[in-house]
Amino acid sequence: MLNVLRLFAAVQAAGTAVGLGLLAPLPGSPHLGADPAFVAVDNYAAVDNYLQDQLDSLGIPGAAVVIIRDGKQVHQGAFGRADDAGRPMTAQTPVLLASTSKSLTAIAVLQQVEAGRLALDEPVQSYLPWFSLNDSRASRITVRHLLHQASGLSSADGTAWEASDTQAPEALEQGVRDLAGASLEGEPGEAFGYSNANFNILGLLVEAVSGQPFGDYMRDHVFRPLAMDHSHTSRASAEADGLARGYSLWFGSLWLQTGVPAPTTGMPSTTMYASAEDLGHELVALIGGGRYADKRILSPESVEAMLTPAVGVDEAKRYAMGWFTRPLSEAASPTADGSRPPLLLEHQGEWGNTHTYTAVVPSSGLGVALVINANDTSAPSRLKALDSNILRILHGQDPAPTVVQEDWLQRNGWVVAAALLLAELVSFVLALVLLLRTRRAVSPGKRWRIFLLAGSALTLDAFLLWLSFSYAPAHFETHLPVIVRQLPDVGFALVPALALAILLPIPRTLWLLSRMLRGSTAVPDAVR
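Under the numbering used here, the first residue of the sequence shown carries the number 112, and numbering increases by one thereafter.
Wrong hints could be hidden among the right ones.
The calculated DSBU-like cross-link candidates involving lysine-lysine, where the alpha carbons are at most 30 Å apart (straight line), are [said to hold, decoys possible]:
(1) K183 x K428
(2) K183 x K406
(3) K428 x K495
(4) K183 x K495
Here are the simulated distance ranges between beta carbons [as the list claims (entries may be wrong)]:
(5) E301 x G370: 12 to 22 Å
(6) L533 x D331: 53 to 63 Å
(7) D327 x F574: 14 to 24 Å
(8) N160 x Y582: 40 to 50 Å
(9) H586 x A302: 19 to 29 Å
(10) L576 x D340: 44 to 54 Å
(11) D327 x R248: 43 to 53 Å
If you're looking for bench data, these hints aren't it; they were derived computationally from the structure. From the three backbone atoms N, C-alpha and C, an ideal C-beta is built for every residue, glycine too.
Work the whole structure out from these sequences, hints included.
Quick look at the structure:
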C-alpha cells in the first residue's frame, strides 16, 4: 500500500519547470528521503497551548485542529465555543470552509478524468457548449487551466456572486452563465490568476458529465468514501448537523456572531462545509496515494497530478490543483545551514466570518487541518499567522510574532466609512439649518459662503461615490456589494453614508440655491 508521497526537492525552487514535482511511493520507511532535520516532532501539547493562548489574547470564539502523521490521525484539539449559546467547539463541528473547498472539488474533477468523462486538456466548451465570455479566447480555456488557476479570469469576476445569499440548487449553473459578460485578463494557460470562478466552472463540469447535481456527487463520491460524516454542500444540511456560527471582528475590537452570505453559487470554490476531523480524512487520503481505510478515491497517478506544482505565483510559490506550494520555511531556524526545506502544500480559506487551513508535507507524511469559526477581514493576516506558527511548533521552532500585512485602507476601512458617514451627516445638518433658520437675508457679499457649503457638500458626495464604486472595488479586486457583505462593520457605516450621498445632492443644492437667490436664506452662526 502506498503510505506516503514524495515530491522531489527540485520543485521547491522558484521557476521550476512543470514535471519536476514527481511523486513516488516510499516502500518501507515513511520518511525515506526526508531530511531528519525537517521531520515534524510530537509537539501536540505545545500546539494546543498556543491555540488556547491565541483564543484568549485575540478573543477568537472557537477553533479545532487535527494533525496527521504517516497516514493516520495522531492528534485533535478543540477550543472555545461554536455559538453565542456557549455550545463547545469540537473536532466534529462543521465550519464554512471558504477556499479550502477547492481541493475537494479537485478530487471530484480528477475522479471524472479517471472515469474518462473529462480530459484535462479538453476545452470547457467540449462539455458545456453554451459556455462563453465576453472574450473570444474563452474557447481555449481547458479543464487543466481551471484547476491551475490559469484561465485568465479575474479575481473580481470570481467574487461577483458573493453578495447574494441564494440557496437554490440551480444557482451554480446560473453563476457560470452570468460570466458571459466577463473578459479575460490574459491568454488562457499563460499565467496564474486566482479566481473563484475557475472552480465554480469545474463544479458545473462535474455536474454535467456525471449526471448528478454537484452537491449530491460530492456526498456520494467524496464525503462518504472518506467517512467525512460532518461535511456538507448546503447550509441547511450543515445547520442540522450543528454548524458552528461564524463571527466577525467589528470595529477592530468586538467579535460578534455575524451572518455572512454563503450562496450555493460558489459551492465548488468556497461554500462547502466540513469539520477539522473530516478535513483530516482528506489529508490522510492524499498522503496515502488516494486511499482512505479500505476505500480508494483516486489513483496514485491522479494524486500525483493534483499535487504537482505547475504555475508560478511568485518567486517562492506555485499552484498545483487546488493547492498552493512553497518551501516549508517554518521547518528551519534562522541559524540553520543551507539545507533546502521540504515542499509544503497548503490552502487557506477566508470568508467574512470563518478561517480555515489545510497543509500537507508529502516528504514526511505530515498533515494539518485547522478551522476557526471567525475571521478579521480587516486584517486576516492575524489568523493566517496561526497557520504558519502551528507548522513552526511542529518542527521544533518558536512561534513567530504576528506581522499585519494588510494596507491602511483595509485595516481601517470601518474608520474611513464612519468618518464619511459623520461628514455626510454634518453636511446634511448644516444644509438643513440654512434652510430652516431665517434670522436675516443673505447679503450679496456673503453668498460665497453658501456656494462654499454647497460646493464642499458636492465634493464630499463625489469623493464618497468615487471611493465606493471605483477605487475600493479596483483596489480589492471585487465589487462594492461584496465589500459591504464580507466586511460588515464597514457596511454598517458605508451604506447609510452612500444613501445620503446619492439621495441628497440634487435636492440639497437646489434648495440652497433657490433660497439664496430669493434673498431669504438665513445664515446660522455655524456658517457666519
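Original post:
Does the alpha-carbon distance linking K183 and K428 stay inside the 30 Å limit?
Top reply: holds (28 Å)
Original post:
Per the hint of 43 to 53 Å, is the separation of the Cβ atoms of D327 and R248 within bounds?
Top reply: Roughly 33 Å apart at Cβ, these two residues miss the hinted range, so it is violated.
Subject >> Verdict for E301, G370 (Cβ pair) under range 12 to 22 Å >> reply: violated (39 Å)
**OP:** Given the range 44 to 54 Å, decide if the beta-carbon distance of L576 to D340 lies inside it.
**Re:** Once the Cβ atoms are compared, 49 Å apart, the range 44 to 54 Å for D340 and L576 holds.
Original post:
Are N160 and Y582 spaced within 40 to 50 Å by their CB atoms?
Top reply: Distance hint for N160, Y582 holds at roughly 43 Å.
Original post:
Do the alpha carbons of K428 and K495 lie within 30 Å of each other, as the hint requires?
Top reply: holds (16 Å)
Original post:
Between H586 and A302, does the C-beta distance stay in 19 to 29 Å?
Top reply: holds (21 Å)
**OP:** For the pair supplied as a hint, K183 and K406, confirm whether the alpha-carbon distance does not exceed 30 Å.
**Re:** Given that 30 Å is the threshold and the Cα spacing comes to 14 Å, the pair holds.
Subject >> Cβ distance range 14 to 24 Å for D327 and F574, holds or violated >> reply: Between D327 and F574, where Cβ atoms are some 49 Å apart, the hint is violated.
**OP:** Take a look at whether the Cβ-Cβ distance between L533 and D331 falls inside 53 to 63 Å.
**Re:** With a Cβ separation near 54 Å, L533 and D331 satisfy 53 to 63 Å, so the hint holds.
Subject >> Pair hint outcome, K183 versus K495 [Cα-Cα no greater than 30 Å] >> reply: The hint holds at about 25 Å.
Consistency with the previously given hints fails for numbers 5, 7, 11, ordered from lowest to highest.
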